[in-house]
Structure formats: structure tokens, C-alpha cells
Amino acid sequence: MTSKFKKLQLEALDKKISKIRFVSRPKNGWIRTIRTSVAMPISFAAQRLNISPQAVFQTEQSEIDETITLKTLRRLAEAMDCHLHYALIPNQKSLKKMLEKRSAIKAKNLVYDVDSSMSLENQKVKNSRRSEKILAKELVKNFSSKLWS
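Heads up: the sequence shown runs through residues 10 to 158, numbered per this note's numbering.
One or more hints might be untrue.
[Claimed, not checked] Quick list of simulated restraints, FRET-style, between CB atoms: (1) PHE66 with TYR121: 51 to 59 Å; (2) THR45 with LEU156: 18 to 26 Å; (3) CYS91 with TRP157: 52 to 60 Å; (4) ALA48 with SER71: 32 to 40 Å; (5) ILE26 with ALA48: 16 to 24 Å; (6) LYS15 with PHE66: 44 to 52 Å; (7) LEU79 with ALA48: 49 to 57 Å; (8) PHE66 with ALA21: 36 to 44 Å; (9) LYS13 with ARG84: 39 to 47 Å; (10) SER154 with LEU97: 16 to 24 Å; (11) LYS13 with ARG111: 41 to 49 Å.
[Said to hold, decoys possible] The list that follows gives simulated cross-link-like pairs (lysine to aspartate or glutamate, DMTMM-like), each with its CA atoms no further than 20 Å apart: (12) LYS150 with GLU20; (13) LYS105 with ASP23; (14) LYS105 with GLU75; (15) LYS16 with GLU147; (16) LYS155 with GLU109; (17) LYS117 with GLU20; (18) LYS24 with GLU147.
If you're looking for bench data, these hints aren't it; they were derived computationally from the structure. C-beta: ideal position from N, C-alpha, C; glycine also.
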């Protein structure tokens, strides 16, 4: 993949993520919240899944406890005439910001390693901060997997 294509892909994904960034799971979980919002009895959901009402209750609780599997969550969503979406949302503002942060860390480490090595020979990297910024921009621009090594 070319870096231009990767950049476009990153921008498209960042746009999608920005739309769902602030959607958080309700306190009682999606299953219980949606089921009660449409006044669906627990017995109806149980009947559609061919399980006991107690099993539906336990499943709702496992979502709250974050022990539910995606497979189980998907089955329950389908039984409630919904479909499941899940997403990973970066802690940074965007994936681009994540890359920039990682490249700054990587650049700092690389410049430090070079500087340490050169200082053994009584040489120093001139303007190491500037070198870090230039290297960080280059790392982001090239979308190198070395960024994560």
C-alpha cells in the first residue's frame, strides 16, 4: 500500500471514529436499556432466544460486568431486532494524533540513541529537538511499521 493510500484510509477512518467517539455504553448496558425502552418483557427476549428469562437477565448482567462475548451480544441484539456494532476508539483525539504521538516518542528515542553513540566519540547531535521534530514528521509521512518496534 502506498503512503498516500494509507493517509486517505487513515483520514476516512478518523472521520468515522469522530462520529461515534462520544457514544458510550449506558449504565445498565445496551441490552437492558433498549429492551426496557421498547417495553419488551424479558420473557419475550427469552422466548425468541429459546432460553430462560433468568438466562437473559444473566446475559444483561454479563454485559454490565463486561464479561459478555460478542457472539452472545450479537445473538441477543438479533433477538431484539437490532444489530451489533463495535468499535475501537483511540485514546488520542484521532488515529492521526496517535501516530504523531508515537512518532515523537520513536524519534526522541532514535535521536537519543544516536546522540549517546556519538558522544562516545566526543561528538554531539546539533539541535537534537529540531532533529526529533524532523524525524517524527518523516516517520508519520512514511507510515512505517518501524514506528511500533
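Against the structure, the hints:
The hint said 51 to 59 Å for the Cβ distance between PHE66 and TYR121, and at roughly 55 Å that hint holds. Taken as a hint, the range 18 to 26 Å is violated for the pair THR45 and LEU156, whose Cβ atoms sit roughly 45 Å apart. Between CYS91 and TRP157 the beta carbon distance is about 36 Å. The supplied range of 52 to 60 Å is therefore violated. Between ALA48 and SER71 the beta carbons are some 23 Å apart, a value that contradicts the proposed interval 32 to 40 Å.
For ILE26 and ALA48, the hinted distance range of 16 to 24 Å is not satisfied, since their beta carbons lie about 33 Å from each other. For LYS15 paired with PHE66, a C-beta distance near 46 Å keeps the hint of 44 to 52 Å intact. Evaluation of the 49 to 57 Å hint for LEU79 and ALA48 yields a failure: the beta carbon distance comes to about 26 Å. In this structure the hint that PHE66 and ALA21 lie 36 to 44 Å apart at CB holds, the actual value being about 40 Å.
As the Cβ distance of LYS13 to ARG84 is approximately 41 Å, the hint placing it in 39 to 47 Å holds. Taken as a hint, the range 16 to 24 Å holds for the pair SER154 and LEU97, whose Cβ atoms sit roughly 18 Å apart. In this structure, LYS13 and ARG111 break the distance hint of 41 to 49 Å, their C-beta atoms being roughly 20 Å apart. Between LYS150 and GLU20 the CA atoms are separated by roughly 13 Å; this keeps the pair inside 20 Å, and the hint holds.
A threshold of 20 Å between alpha carbons decides the hint, and for LYS105 with ASP23 the separation of about 8 Å falls inside it, so the pair holds. With a CA separation close to 29 Å, the supplied pair LYS105 and GLU75 exceeds the 20 Å bound. Using a Cα cut-off of 20 Å, the hinted pair LYS16 and GLU147 holds, with the two alpha carbons roughly 13 Å apart. For the hint pairing LYS155 with GLU109, the CA-to-CA distance comes to about 14 Å; that is within 20 Å, so the pair holds.
At most 20 Å may separate the alpha-carbon atoms for a hinted pair to count; LYS117 and GLU20 exceed this at roughly 25 Å. Of the supplied pair hints, the one linking LYS24 and GLU147 is violated, its CA atoms being roughly 23 Å apart against a limit of 20 Å.
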